[in-house]
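S.K.: So the chains spell out like this:
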Amino acid sequence: MSDTSSSKSAQHGHHDHHEHRGPGYSTPQEAIEQSEPEKLAYVPSLYVGTDVDAPDFLSVVDLDPESPTYSQVVDRVEMPIKGDELHHFGWNACSSSCHVEGLDRQYLIVPGMRSSRIHIIDTEDIRHPELVKVIEPEEVFEYDLSTPHTVHCAPGGRILISMLGNADGDLPGGFLELNEEFEIVGRWDSPGDIGMNYDFWYQPRRNVMLSSEWAAPKTFLPGFDLEDVQAGKYGHQINVWDWEEQKVIQTIDLGEEGMVPLEIRFMHNPEEADAYVGAALSSNVFRLYERDGEWHAEKVIDVEPRDHEDWDIPVPGLITDLVVSMDDRYLFFANWLHGEVRMYDVSDTANPRLVDTLSLGGMYGDIREVKGRELVAGPQMLQLSLDGTRLYFTTSLFSTWDNQFFPEEGEKGSVMLKVDVDPRKGTMTLDEEFLVDFGESPEGPARAHEIRWPDTDSTSDVWI
Amino acid sequence: MTHRVELRWSHGPGAGIEAAPTETVLEAAERAGVGLPFGCRTGACGTCTGRLTAGDVRYRRPPRALKGRHVRDGFVLLCIAEPRADCRFDVGTEVQSRLVSNPWTRG
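Protein sequences appear in the order of chains Z and E.
The opening residue of the first sequence carries number 245 in this note's numbering; numbering runs sequentially from there.
The opening residue of the second sequence carries number 2 in this note's numbering; numbering runs sequentially from there.
Quick caveat, the hints were computed from the structure, so don't treat them as lab data.
Please note that a few of the clues may not be correct.
Computed, partial: chain Z to chain E, Cβ under 7 Å [unchecked claim]:
1) 281
2) 294
3) 297
4) 327
5) 358
6) 413
7) 461
8) 465
9) 556
10) 647
Since we're looking at a predicted model, the values are computed, not measured.
Idealized CB from N, CA, C, for every residue including glycine.
Using the sequences provided together with the hints, build the complete structure.
M.R.: The structure is reproduced here in structure tokens:
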């Protein structure tokens, strides 16, 4: 039962989870118990940022170890127009709509960050998904929004998408809401509630949503320019929203140690008022937590920069993605520049305890190749199986940023790799037999980004 | 009256196209079946960046993805630039990647 005084929270606390008929699971634990091991993955794959004259696509990767096509791309869904920069994506419905009868987790909402085009992909045939609808950029621009990023399934079959800029690619950003039919309902926020935007996560029982900040699209899309950091054009704040009222109620400044806060991961337990955010540029992890109605941020992990003979300054780890295990016991994150995945015990959320690291790719990684394939960038987007034993990752960050820091990523394409995790012992071991090489894509080497699969994963669902 | 536009890639052969007075370089290239990179088509993302080596252009809307130093160096957003004269451009991803480099590496 929630211990907050809000009447809305109290109502949520009372709702009956025993007879849900909609998508998803009653609790994170039920998801762990009842879901099947993942047998397929969907991975946005990109030609944008290379001279391959073809649209981006969604790859279907076979993850069934019993299958003859294990670790191969078994289907591709091509986007209608090139230049999207597919990046993050999400489901139409999840556990937050668990009481909506007749609603299924069936459609992927796949935005193009550069194009502002939003694709709806039907996964009824999970091995052969189909593009069924496209929301054109002009429809999005009508709400003075552009550059769609994070997609979250919201209660009642609604879909919420963080939008990083206005129709000109300038500030402010905002949020776009779609209905069950994938029609634009409108703007979820009020224009000017926030300036910058990036990732977000909501926790209904705490009546809260947290959103992070990258920069204006016109600032980060062309590439990373240090002049923009010095001019204050990159984010360092967390916006705290009243989820029901759809209004910002607090803004937390993370300061110099919290430059460019990107991915936000709430604890899965719907009662928790604890989340983590990775400040990419400062390479610190902050814990965000609520006490007595106020939200607070405290730095709980500091990744030390490392010297490099070719660099003028010590190299930051660049924490780009993080994932919390479904049982809320472990936090994993990637240091993309260093070439490292870290695993922390977060059973005491205020005091994460480093239990293991995997040194691979990037600038300092010990492991430089897998199955004879050279690794030319560091671990980036992470996804974890619900039982917490299989961690997958891809290696591309963002086309223009890849081209600055790991230019070979565009020339050779991304890889998807797998790490075997032992949650009892707190260890990670690279699966040296698993390799998905997007460099072998039909039109030429492709980048690969976020990873999801049919049914839930460790970054999709929210519980009401 | 149309303008002659020459497109040059760092690798491979170039292409010559004609652009009508109300067409952007990108639109003229698409009409001619020549593939140029693009993203937002609003001047915000810089994916279509080319470099003008001869001629003149006029913008339909502000080239927000470019900074003053880029404009001075001849970089042009082909999705919103209409030729005002016969033009020659360096095009392709390699031109875009020249807008910014790794700010921290030596040399």
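S.K.: Are the hints correct? Go through all of them and say.
M.R.: Now the hints, each set against the structure:
Using the Cβ-Cβ criterion of 7 Å, the hint placing residue 281 of chain Z at the interface with chain E is not satisfied: the shortest such distance is roughly 37 Å. Hint status for residue 294 of chain Z relative to chain E: holds, with the closest Cβ pair at about 6 Å, below 7 Å. Because the closest C-beta pair between residue 297 of chain Z and chain E is about 4 Å apart, less than 7 Å, the hint holds. With its C-beta approaching chain E no nearer than about 5 Å, residue 327 of chain Z sits inside the 7 Å limit, and its interface hint holds.
Evaluation of the residue 358 of chain Z hint against chain E yields a held restraint, the C-beta minimum of about 3 Å falling below 7 Å. The beta carbon of residue 413 of chain Z comes within 2 Å of a beta carbon in chain E, closer than 7 Å, and the hint placing it at the interface holds. The closest approach between the C-beta of residue 461 of chain Z and any C-beta of chain E is roughly 5 Å, which is under the 7 Å cut-off, so the hint is satisfied. Among the interface hints, the one on residue 465 of chain Z holds; its C-beta lies about 4 Å from the nearest C-beta in chain E, closer than the 7 Å criterion.
For residue 556 of chain Z, the suggested interface contact is upheld, since its CB lies about 5 Å from the closest CB of chain E, less than 7 Å. Against a cut-off of 7 Å between C-beta atoms, the interface hint on residue 647 of chain Z holds, since the closest Cβ of chain E lies about 5 Å away.
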